[in-house]
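K.L.:
Listed below, chain by chain, are the residues.
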Amino acid sequence: MTLARRIIPCLDVDAGRVVKGIEFEGLRDMGDPAELGARYNREGADELVVLDISASVQGRATFLETIRRVAQQLNIPLTAGGGIRKMEDGRAVLRAGADKVTVNTAAVERPELISELSQQFGAQAVVLSLDVKRSGDSWEAYTRGGRDATGLDAALWAAEAVSRGAGEILVTSIDRDGTCSGFDCDLTAKIASTVPVPVIASGGASTFEDFLAVFTAGRADAALAASIFHQETRSIAALKNFLSASGVPIRMNP
Amino acid sequence: MKIAIVDYGAGNLPSVERALRGLGAETERAVEPAQLDAATAIVLPGVGHFAAFVAGLRDRNLAEPLRAAYQAGVPILGICLGLQAMFASSEEAPGDKGLGFFPEQVRALPTNVKSPHIGWNQIRRTKASVLLRGIPEDAYFYFAHSFAAPASAEPTVAACDHGFPFSAVLEQGNLRGVQFHPEKSGQTGAQVLRNFLESIQ
Chain A
1 MTLARRIIPC LDVDAGRVVK GIEFEGLRDM GDPAELGARY NREGADELVV LDISASVQGR
61 ATFLETIRRV AQQLNIPLTA GGGIRKMEDG RAVLRAGADK VTVNTAAVER PELISELSQQ
121 FGAQAVVLSL DVKRSGDSWE AYTRGGRDAT GLDAALWAAE AVSRGAGEIL VTSIDRDGTC
181 SGFDCDLTAK IASTVPVPVI ASGGASTFED FLAVFTAGRA DAALAASIFH QETRSIAALK
241 NFLSASGVPI RMNP
Chain B
255 MKIAIVDYGA GNLPSVERAL RGLGAETERA VEPAQLDAAT AIVLPGVGHF AAFVAGLRDR
315 NLAEPLRAAY QAGVPILGIC LGLQAMFASS EEAPGDKGLG FFPEQVRALP TNVKSPHIGW
375 NQIRRTKASV LLRGIPEDAY FYFAHSFAAP ASAEPTVAAC DHGFPFSAVL EQGNLRGVQF
435 HPEKSGQTGA QVLRNFLESI Q
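Sequences listed follow chains A and B, in order.
So that you can map any letter, position 162 of the first sequence is 162 in my numbering, and since no number is skipped, the others follow by simple counting.
So that you can map any letter, position 45 of the second sequence is 299 in my numbering, and since no number is skipped, the others follow by simple counting.
A portion of the hints provided could be inaccurate.
[What the hints assert, rightly or not] Footprint (simulated), chain A over chain B, 3 or more residues, beta carbon under 8 angstroms:
hint	region
1	268-274
2	279-293
3	347-358
4	362-371
5	413-420
Just so you know, the hints here were simulated from the structure itself, not pulled from any lab data.
All residues carry an ideal CB built from backbone N, CA and C; glycine is no exception.
The following block holds chain B by itself, in its conformation from the complex (with noise of 0.2 angstroms):
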């Protein structure tokens, strides 16, 4: 079992590998199309801004493997900016196109709240969930991101509020993501990302 981790220039790439890594898992960083047709499982880990990643993934041509992947099952987690990537597009980037295995766009936080929405914040579930097993109903997630995906969206199973209703974790078919941090999140976090190693087995 490998995981492949898409490596398309920024991003927080190594916090999520040694996380991964500290859990059991064989971890590759996927800089070329072939490393992802050879994955188990795909991680899109994400800081950064939604243009930069658009144009890491084609500058790498790694937009059309990864909707290979998608189409194929493999399984692809989205973290933070991964799960937004998934989207149609983003109001932070207008012109520019996500991969689309969602309808939505992505919406910046009101300016009613503080943006962006940095620190601990608890989750509110709406459909049973595979990453959330065995995780309190209280817990907390770490969270640093100034746009998110409204929790209207289909896939989501457990949403957040700060400023608008917005997704905190999706699932669906093999498409898994979490706006928040699990490799920040604490021991809560590690046992996100335990779920999803073992939902991959």
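The following block holds chain A by itself, in its conformation from the complex (with noise of 0.2 angstroms):
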């Protein structure tokens, strides 16, 4: 018996479409949230998360409804977020269908959110989204997409998010984020040490043994990647197969 290690494709939606962020090129158009969300829960997806990547104000209406369109697909838990900043968008992401609500850079200019949150819908349904570069033997917190340093260290932030209530962390690291170079186990794995709830590994996954590398030396609990699902480049199925023959424990059956 043993608490199996998380898949988790991660769908990044503008105006009601999954796209993907190319250098120099701008958005590419990845295909139709509800219809990638069915396919994953078929594939053994273990959870999705769908993120607000415009995280506009005109914007909100367009994401509740892209919720509710993924999650009367699924029969997995959904976290979504992007653009929380207060109780109320909280609420109605959850209410729109998704277990669980990302906070980032609302959270930073007033943690309490993250206490508000969380006394009202539970722990396990608040997840504090944590983007991070690295900065000689530490980490640094960044908000608004990765664009402005907070000057706060990652470890000690993630540890005063779980004490306000967070009960998960989705770490990712800017700097591998889109670079196929694997995640950050270092970054990974200090924030584990750090704090008592889950970790989630995001940025850089590329090969099936970044993943075999992130459960084992990162020490994460699930890792999330995007476009190495969306291109069917590396299958989920082809993925659990793999780690469960390397030893990780994994949801086998669907």
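The task is to assemble the complex, starting from two chains supplied on their own in separate frames and drawing on the hints.
P.N.:
In structure tokens form, the structure reads like this:
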């Protein structure tokens, strides 16, 4: 009996479509979120994350509609976030069908947001999204999609967020994101050894070995990836077979 | 056959409702006592705080009709916090009384394990189970909770270990409970709900 490590596809959504940021090109359309969500649900994803990358005020209604459409396709947990500024934003996302909500920029600006969400919906429903850049021997938290440095040490901020009621940490290496050079295992191991809640690793996934490394040396409880699954360069089933054969506890039957 | 899903103001009611309807069940959201009196079976969904659950039932006058339904033999399925609420009390809200169908106290997961217990875990069967019929021994179920009822509680038919052995599935008379979320546990979870529906026909 072992708690399985989770494989989590992520849908970055803009104006109701799944998109992928391409350097110097802008956004490339990757498909319909409900169709992709249904596919991942069928293929054995352990959970799904949907992020509103536009996070514009006028786009909120569209994003909530996207959550509703995706949630109807799933019998696995759904996490949603991007642009969550206040308690009512979180409530709207959960009412639309998400099981958990992620917070990032607004929680750095006003950490009480985490306490409020956690008291209302429970720690299991509140995920701190932590965007991080390495600086020397430590890591710094960034906000606004990785644009603004906060001056906060990532591990200390993660610990504060947990003490305020965050039930999971989604840690994204900005340095590795989109590089296909593997997860930053030092970073995830640092966060996992600091906080007593599950850690979801994100940023840099490319090969099956990257996932194995983040579940062993990186001590992650879950690993998140986007484009390698969308482009069908890596199937979830093949990845899970590889990890299971490598000794990682994995949920195999759907 | 009509299944009343108790709507106490929180909880992941739409997911449970969609899952049951997807299996062909007729459901309604119960917000007042008369709806519970008329139900063939009752589902107590649950996400959130024990105190909010207790207060939600009290404010809607649903606790007494639930106890009456239990006494009358109406099948009741508690999910996650809905299972915990069947016990006498919880460390999450020491001053609040649960439904008291079982005498134990729900306990916090200890600090030597990650809490919340979030993710897919396996369970260990200790007695014959209606809800787990046809489900492989090594199947995974999705858990998301920080509190749990001790596996030593008499109605436990399957246990899970996370910090201490806790009740993952309980069955006794007309009462059924699952600490995991069947509505989020893929095809395995759908089979649990299907088993519940078949058991009440």
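K.L.:
Compare the structure with each hint and give your call.
P.N.:
Hint by hint, here is what the structure shows:
Requiring three or more residues with a Cβ within less than 8 angstroms of a Cβ of chain A, the coverage given for the region 268-274 of chain B holds, as 4 such residues are present. Beta-carbon proximity to chain A at under 8 angstroms applies to 0 residues in the region 279-293 of chain B; the threshold of 3 is not reached and the given coverage is violated. Residues of the region 347-358 of chain B with a Cβ under 8 angstroms from some Cβ of chain A number 0, which does not satisfy the need for three, so the listed coverage is violated. Closer than 8 angstroms: that is the beta-carbon criterion, and the region 362-371 of chain B has 5 residues meeting it against chain A, so the requirement of 3 holds.
Counting residues of the region 413-420 of chain B whose CB falls under 8 angstroms from any CB of chain A gives 3; the rule of at least 3 is met.
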